[in-house]
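Student: Chain residues, written in single-letter form:
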Amino acid sequence: MNGALAFSLIFFFAITIPVAVSIALASVFGIVFFSNLPLLVVPQKMFTGLDSFPLMAVPFFILAGNLMTKGGVSHRLVDFAKSIVGGTQGGLASTCVVACMVFAAISGSSVATTFAIGSILIPAMIKHGYPVNMAASIQASSSELGVIIPPSVPLILFAVSTQTSITQLFIAGIGPGLLVATALIIMVQIWCRVKGYGKEDGKDKQSIISSFFKAFWALMMPVIILGGIYGGVFTPTEAAAVAVVYALFLGLVVYKEMTLRDLPDLFKSAAISSGAVMLIIAAASLFSFLISLSGMPNAVGAWAQGTFTNAWTFLLAINALLFFIGMFIETSAAILVLAPILTPVAMAFGIDPVHFGIIIVVNLALGMFTPPLGVNLFAAAQVANIPVQNMFKTLVIPVLTMITALMIITYVPQVSLFLRDVMQ
Amino acid sequence: MNFLIKLSDAIVRITHYLAAAMLAVAALLVFYQVLTRFLLNDAAVWSEVLARAVIVWGVFLIMGPAIRYSKMIPIDVLRSLLPKDKQIWIIRIVTAAIALFLCILIWYGYKMTLRVMSQQVAMLNVSVAWFYVSIPIGALLAIPGLFLAHLDAERGHLNTAEDAK
Numbered sequence: 003m004n005g006a007l008a009f010s011l012i013f014f015f016a017i018t019i020p021v022a023v024s025i026a027l028a029s030v031f032g033i034v035f036f037s038n039l040p041l042l043v044v045p046q047k048m049f050t051g052l053d054s055f056p057l058m059a060v061p062f063f064i065l066a067g068n069l070m071t072k073g074g075v076s077h078r079l080v081d082f083a084k085s086i087v088g089g090t091q092g093g094l095a096s097t098c099v100v101a102c103m104v105f106a107a108i109s110g111s112s113v114a115t116t117f118a119i120g121s122i123l124i125p126a127m128i129k130h131g132y133p134v135n136m137a138a139s140i141q142a143s144s145s146e147l148g149v150i151i152p153p154s155v156p157l158i159l160f161a162v163s164t165q166t167s168i169t170q171l172f173i174a175g176i177g178p179g180l181l182v183a184t185a186l187i188i189m190v191q192i193w194c195r196v197k198g199y200g201k202e203d204g205k206d207k208q209s210i211i212s213s214f215f216k217a218f219w220a221l222m223m224p225v226i227i228l229g230g231i232y233g234g235v236f237t238p239t240e241a242a243a244v245a246v247v248y249a250l251f252l253g254l255v256v257y258k259e260m261t262l263r264d265l266p267d268l269f270k271s272a273a274i275s276s277g278a279v280m281l282i283i284a285a286a287s288l289f290s291f292l293i294s295l296s297g298m299p300n301a302v303g304a305w306a307q308g309t310f311t312n313a314w315t316f317l318l319a320i321n322a323l324l325f326f327i328g329m330f331i332e333t334s335a336a337i338l339v340l341a342p343i344l345t346p347v348a349m350a351f352g353i354d355p356v357h358f359g360i361i362i363v364v365n366l367a368l369g370m371f372t373p374p375l376g377v378n379l380f381a382a383a384q385v386a387n388i389p390v391q392n393m394f395k396t397l398v399i400p401v402l403t404m405i406t407a408l409m410i411i412t413y414v415p416q417v418s419l420f421l422r423d424v425m426q
Numbered sequence: 189m190n191f192l193i194k195l196s197d198a199i200v201r202i203t204h205y206l207a208a209a210m211l212a213v214a215a216l217l218v219f220y221q222v223l224t225r226f227l228l229n230d231a232a233v234w235s236e237v238l239a240r241a242v243i244v245w246g247v248f249l250i251m252g253p254a255i256r257y258s259k260m261i262p263i264d265v266l267r268s269l270l271p272k273d274k275q276i277w278i279i280r281i282v283t284a285a286i287a288l289f290l291c292i293l294i295w296y297g298y299k300m301t302l303r304v305m306s307q308q309v310a311m312l313n314v315s316v317a318w319f320y321v322s323i324p325i326g327a328l329l330a331i332p333g334l335f336l337a338h339l340d341a342e343r344g345h346l347n348t349a350e351d352a353k
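Residue numbers (the working numbering), protein chains in the order written: chain S, 3 to 426; chain H, 189 to 353.
If you're looking for bench data, these hints aren't it; they were derived computationally from the structure.
C-beta atoms are modelled at their ideal positions from N, C-alpha and C, and glycine is treated no differently.
Treat the hints with care, as some may be off.
Stated by the list, open to error - Anything over 10 Å on all C-beta distances counts as not near chain H; from chain S, calculated:
1. PRO20
2. VAL44
3. PRO45
4. LEU52
5. GLY74
6. THR184
7. SER209
8. SER212
9. LYS216
10. LYS270
11. SER275
12. SER294
13. PRO415
14. LEU419
Said to hold, decoys possible - Distance condition first, Cα-Cα at most 35 Å in a straight line; then the derived DSBU-like pairs of lysine-lysine:
15. H/LYS274 - S/LYS395
16. H/LYS194 - S/LYS395
17. S/LYS270 - H/LYS272
18. S/LYS72 - S/LYS129
19. S/LYS270 - H/LYS259
20. S/LYS205 - S/LYS129
21. S/LYS258 - H/LYS274
As the list claims (entries may be wrong) - Just so you have them, the derived chain S footprint on chain H, three or more residues with Cβ under 8 Å:
22. 202-214
23. 239-248
24. 295-307
25. 328-340
26. 343-349
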């Protein structure tokens with residue numbers, strides 16, 4: 003059954019059947035030909051997979067992100083980021099990283115971050131003389147902070163599919179997020195100095211204090227969400243619902259950049275983009291029920307224990323595998339299919355599941371801007387109005403930077419676990 | 189044919205609005221739960237159960253619009269490697285696969301609904317069948333979306349074929 007599931011899944015993916023349908027049909031194939039189960043388990047497992055309170059945080063965070071983008075939050079955050087780091091050479095590129103980092107703390111998706119921040123900063127960078135490919139590449143790579151810094155949709159998916167604590171994963175995402183942001187800032191600073199770009203970036207920057215006050219209500223958002231979760235005031239799902247209501251309040255009442263008429267379209271687009279992810283979750287819960295039934299995690303575990311002598315080599319192999327998979331396969335599908343198989347194996351090697359979840363998400367976040375297929379690439383190319391291929395050469399620098407950061411996150415567990423252990 | 193297209197279009201649009209409304213309702217229900225806990229010091233327990241049901245309904249209702257607007261996330265490598273006039277065959281296979289998936293959901297979702305008829309949902313005192321029935325209904329209402337999406341693909345194919353001539 004294991005082989006049948008794996009091969010039919012790869013075959014369906016290859017002939018471009020949508021991810022959710024591929025996963026469901028591969029499961030049906032396994033059920034019909036390699037088990038005695040009735041097909042009634044198909045609706046049953048898809049239903050129970052969706053009927054979960056923690057999971058509801060996914061559509062809510064996607065909705066809140068949509069509302070924030072439209073509601074005038076992003077350009078206030080960009081001005082604030084610029085007032086902090088905008089004064090140096092390469093200040094605009096650094097602003098891009100910092101703005102993505104702050105936006106990441108209110109949004110759970112990297113594509114949303116690309117559109118929200120990129121639509122302001124890519125044109126600004128081009129205006130200040132950055133080559134368009136470089137601007138788009140910096141944006142595409144900075145956006146990955148959206149899924150590393152909490153709240154994060156992929157971290158929720160990892161938590162739900164492996165029964166790990168969402169709260170712990172969210173805390174563990176902060177350290178790696180700061181590390182990645184620092185690495186990217188160092189990268190753009192060196193890059194701009196070597197190539198001589200961005201010498202007049204600081205010209206129209208505002209004072210820190212005035213931009214802080216303009217962005218104050220937007221900056222309160224992460225305080226409410228993360229403070230509420232870590233303070234034990236509410237669960238991640240409740241925090242997400244509060245974020246939706248707060249985003250509506252900001253857009254409609256405080257900043258007044260959104261009207262009631264905009265709401266139906268915003269809700270409709272959030273329903274579609276979250277629904278597409280939720281359908282993958284439903285199909286994947288059927289799939290993971292079958293693989294646990296057929297003992298795939300044990301088989302993979304036994305093989306891994308025999309092949310890799312220690313956690314070091316195992317993690318290296320996992321990173322190589324995920325990097326390859328992440329280049330082609332959509333992040334939520336990769337997490338939902340692979341995390342239930344690999345996490346028990348990682349735990350047998352003595353790796354903390356929270357740390358392992360961070361490794362998976364950071365690695366797959368790298369895949370979001372690695373050619374040939376990466377959601378951030380397409381989003382950034384769309385915003386910059388260039389073909390994706392134009393960015394391939396300039397992307398080498400951010401990809402290498404991120405691989406370095408990924409290696410540090412992989413082999414120094416404290417980067418992820420330090421904050422969690424302090425707070426417990 | 190024209191009537192079929194108009195009807196399908198209406199079904200896609202209505203399910204899209206319904207799913208969007210479900211998302212809004214679910215968010216408000218959970219927000220209400222937070223409010224009751226803080227203001228009345230007594231969290232409403234039914235709101236959580238109801239919110240979960242509303243989300244499940246919303247997800248199965250959005251299948252049609254998601255298929256219609258090609259938001260189902262395929263992995264598009266192979267198709268783009270094929271010459272344009274051959275791509276339609278891949279699209280036909282994909283449409284058939286989605287149709288098979290929807291039929292499985294309609295038939296076994298229906299049977300599952302009948303089977304759980306007597307089970308009650310805690311807190312709400314209704315049958316859990318009201319939740320499960322979202323699967324066959326959502327899948328049934330997704331067929332018009334699939335029909336329209338495929339029609340577009342066939343028309344696009346005809347146009348490129350004519351351009352080639």
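Student: Are the hints correct? Go through all of them and say.
Tutor: How the hints compare with the structure:
Against chain H, the non-interface label of S/PRO20 is violated: not every CB pair exceeds 10 Å, the least being about 3 Å. Chain H draws S/VAL44 into its interface by the beta-carbon criterion, the shortest separation being 5 Å against a cut-off of 10 Å. Not every beta carbon of chain H lies more than 10 Å from that of S/PRO45, the smallest distance being close to 4 Å; the non-interface claim is violated. Under the 10 Å C-beta cut-off, the non-interface status given to S/LEU52 relative to chain H is violated; the minimum distance is some 5 Å.
Separation of S/GLY74 from chain H is adequate, the least Cβ-Cβ distance of about 20 Å exceeding the 10 Å criterion. Once the 10 Å rule is applied to beta carbons, S/THR184 is consistent with being away from chain H; the minimum gap is 32 Å. Annotated as non-interface, S/SER209 keeps its C-beta farther than 10 Å from every C-beta of chain H; the closest such distance is 36 Å. No Cβ of chain H approaches the Cβ of S/SER212 within 10 Å, the least distance being about 33 Å, so the stated non-interface status holds.
Chain H leaves S/LYS216 outside its interface by the beta-carbon criterion, the shortest separation being 27 Å against a cut-off of 10 Å. Not every CB of chain H is more than 10 Å from the CB of S/LYS270 (nearest about 4 Å), against its label as outside the interface. Not every beta carbon of chain H lies more than 10 Å from that of S/SER275, the smallest distance being close to 7 Å; the non-interface claim is violated. Against chain H, the non-interface label of S/SER294 holds: every CB pair exceeds 10 Å, the least being about 21 Å.
Annotated as non-interface, S/PRO415 keeps its C-beta farther than 10 Å from every C-beta of chain H; the closest such distance is 32 Å. Taking the minimum C-beta to C-beta distance to chain H, about 30 Å, the non-interface status of S/LEU419 holds against the 10 Å cut. Distance check on the hinted pair: H/LYS274 and S/LYS395 sit about 31 Å apart at the alpha-carbon level, within 35 Å; holds. Restraint check: the Cα-Cα separation between H/LYS194 and S/LYS395 comes to about 47 Å, which exceeds 35 Å; the hinted pair is violated.
Distance hint between S/LYS270 and H/LYS272 is fulfilled; the C-alpha atoms sit about 32 Å from each other, no more than 35 Å. As the CA atoms of S/LYS72 and S/LYS129 are separated by approximately 23 Å, the hinted pair is consistent with the 35 Å bound. With a C-alpha separation of about 12 Å, the suggested pair S/LYS270 and H/LYS259 falls inside the 35 Å cut-off, and the hint holds. This hinted pair checks out: S/LYS205 and S/LYS129 have alpha carbons roughly 12 Å apart, not beyond 35 Å.
Between S/LYS258 and H/LYS274 the alpha-carbon distance is near 50 Å, which puts this suggested pair outside the 35 Å criterion. Taking a C-beta to C-beta cut-off of 8 Å, the segment 202-214 of chain H contributes 9 residues in contact with chain S, enough for the three needed, and the coverage statement holds. Under a criterion of three residues with beta carbons nearer than 8 Å to beta carbons of chain S, the stated coverage of the segment 239-248 of chain H is upheld, 7 such residues being counted. Under a criterion of three residues with beta carbons nearer than 8 Å to beta carbons of chain S, the stated coverage of the segment 295-307 of chain H is upheld, 5 such residues being counted.
By the rule of at least three residues with a Cβ nearer than 8 Å to a Cβ of chain S, the coverage given for the segment 328-340 of chain H is violated, with 0 such residues. Only residues whose C-beta sits within less than 8 Å of a C-beta in chain S count toward coverage, and the segment 343-349 of chain H has 0 of them, not enough to reach three; the restraint is violated.
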